[in-house]
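Peer 1: Position chain L relative to chain C; hints supplied.
Spelled out from the first residue to the last, the chains are:
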Amino acid sequence: MNQPLTQRTTLGTFLAAIASLSRVAPLIFGAVAITASMSADAIAGSDLVYISNEKSSNITVVDGNTFEVLRAFDTCRRPRGMHFSLDRKLFYVGCADDSQIAVYATATGNLVDRILNVEEPETFDLSPDGKTLYVSNEEDATASFVDIKTRKVVAEVEIGEEPEGVLVTKDGSTIYVASEANNMVHVINTKNAEVVADILVDVRPRRFALSIDEKELWVSAELAGVVDIIDTATNKIIGDVYFLPKGFRKEQVTPVDLLITRDGKTAYVALGRANHVAVVDVASRKVTDYILVGKRAWGLALSADEKRLWVANGLSDDVSIIDTASLKVIKSIAVGKVPYGILIDDQ
Amino acid sequence: MINKAEVLARSLLSVLLLFVALLPARVALSAEKTPFTIAYLQLSGDPRYEAPRAYAGIEVRSRHRPFDGAAIAVRGSRIIGRALGLKFSLQRATAETTDGLMSELNRLNNEENVKFFLVDASADVLTTLSKHVRGRDILLFNVSAPDDVLRSDACAANVMHTVPSRAMRNDALAQFMIARRWKHVLVLKGEFPEDTAIAEAFLASARKYGLSISEVRDFVLGSDPRQRHKNNIALLTSGVDYDAVFVADSLGQVGRYVAYQTALPRPVVGSEGLIAEAWHWTWERHGAPQLNQRFERKINRHMGSKDWAAWVAVKAIVEALARSGARSGKTDFKSVSAYLKSPKMVLDGYKGLPMSFRSWDNQLRQPILIHTHNAVIGRAPLDGFLHQKQYMDTLGYDAPENRCRIR
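Residue numbers (the working numbering), protein chains in the order written: chain C, 1 to 347; chain L, 1001 to 1407.
Calculated directly from the structure, the hints in this document are not laboratory data.
Among chain C residues calculated to face chain L with C-beta under 10 Å, some are:
| # | residue |
| --- | --- |
| 1 | I159 |
| 2 | G160 |
| 3 | E162 |
| 4 | S179 |
| 5 | A181 |
| 6 | M184 |
| 7 | H186 |
| 8 | A197 |
| 9 | D198 |
| 10 | D202 |
| 11 | V203 |
| 12 | A221 |
| 13 | G225 |
| 14 | R249 |
Output of the computed footprint for chain C on chain L, the stretches with three or more beta carbons under 8 Å from beta carbons of chain C:
| # | segment |
| --- | --- |
| 15 | 1080-1093 |
| 16 | 1347-1353 |
No residue lacks a Cβ here, since even glycine has one placed at the ideal position from N, Cα and C.
Next comes chain C alone, as it looks inside the complex:
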């Protein structure tokens, strides 16, 4: 537990770590559970916002109310995707250059655990029961299912090169994984770790959003500058959303992250090099607005009340906070180098 994050363990220490973890873990998790539940009674979440900075290998902590940077702490190397645990008491950070997933207590930001030997985790998602991590592994071009309790890779599925976005359906039956280099979306049945379909999509697929009824899967295709819409029943592309903010050319539009609001009506798409976030009417698949943000906008997160949209700008090392009512940026905050993922602890 107190080894430096970057150190690679030998088999002996690894096994010892697992053995000691099984003894200590209940204590740690117990303690975390107590502190977290106490604060949860007082307010909904800590209102802390965690931002992973890919190039400075640290996490910036921002006050979600005042938008002040509280502190930054070092984490494992090249942190990218982040996720809350099921009960939101913990959060997971995938570190591509250290082949591990670091686990932090949400209330305090303290490191509580590490899941080692996850080959170059780019991004990942968590099963709805909170028991399994679905991780895309860069090096092996696989998606692996990691049992959080036993730390074992329980299944590995061969997919296209440079797997990127991972998304699990609400019932946990299916995961979608994007292969950036092969321009495909893989549909994987989680029960038997079988690839159900390989869907050819537009160039450089990155991230997903599911419509509220889960009938549509939206996929950003970074280099093609579009979002493809896949019918989840037939696994076929049924539509596209194109973007072109004023003053930009098609090749500058490089969408990455996207999300759909809880009412299912609005989608926000970070347009990368076009330095804007697009607001899309989901029903008509039409862009209704473009909001100017920082350089290479790619990571997105909505506050629980959906009044604030946080945008990570990869090339200007800052985060833009958008007021979703006026669709204006109300504040930009300097964070670490190449901010990537955003987690808001406000529920």
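Peer 2: Showing chain L alone in chain C's frame:
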């Protein structure tokens, strides 16, 4: 490493168990795949890869064949092959002569139905091959010849160029020099025809972008005192004013001594110092780290520009297959090659811009990286260099100045 291996072994075992348990369900996925072979042609004894080493075994230029780039791309295409019903493979064919290479090409085409060939050869060999296969369902990919003539008077309808031309690279450098206001340039040129070609390409780019040439001076390799005005860097760079020195040195034996020895304290560009190329191992944007790391893990060296050109050629073929409707193992040469050449092509070369082939000379339009030995300083087209249609067409021969009549 041990625990990694064990974890892998365990995961493999569990996956194996899954396979066994779910055998009937697997069958659908492991359906028969049609073999699809891409060939790689090379001449043994190609002088470009056998240039003499510098004194005491010091290699000043990379002499690696770009085959490795193609191999990485084919390896990376196996899952897209699963979706297309194709099993991709790469066949390397070597011959001692151009005639020998033509028989290899014919053999692969007749016996193994190979239609797409990566050609790692000089301009004259490439031209001979392309004339030989004209009119047949064969497409050649130039992965290593930068000669501008291949994109103008000697262009051919059946040759696609993924390696950037000299004109493109020098235009990129000229853009950078204009942006930095290095407007007056001293050109140092070596004694070989290749050096002349490099210098001429730069002079053309200098004219295009408005750089002025202070002087063009010839250098030779050696220490003959009677030739010292040609072999002494201080003398070669004195008696004239300039903002930068452009070195045209194909062998790299002299060029490497120019920086820090110039009479005036000025930057060195061209074959040494700041270099414009298709690729560099330190490029860290647009997915490049993944590609560079994958290449280094498998090949144990840095990925270079020709490696990238071979890699992207395979990628272009696979992309065109996928987009032109190749399914269930069926492919159609005409539609694949039509898609390859069409403006619909969106090729991801990990340089941030969607690439396609220029309709007028079959050159892959692409950003050019301007780099030092260990950093990428700029990516051309640079901001501010505008084009009415396509910023990337500010690099190399644009449609209006094109002399190619595709045959």
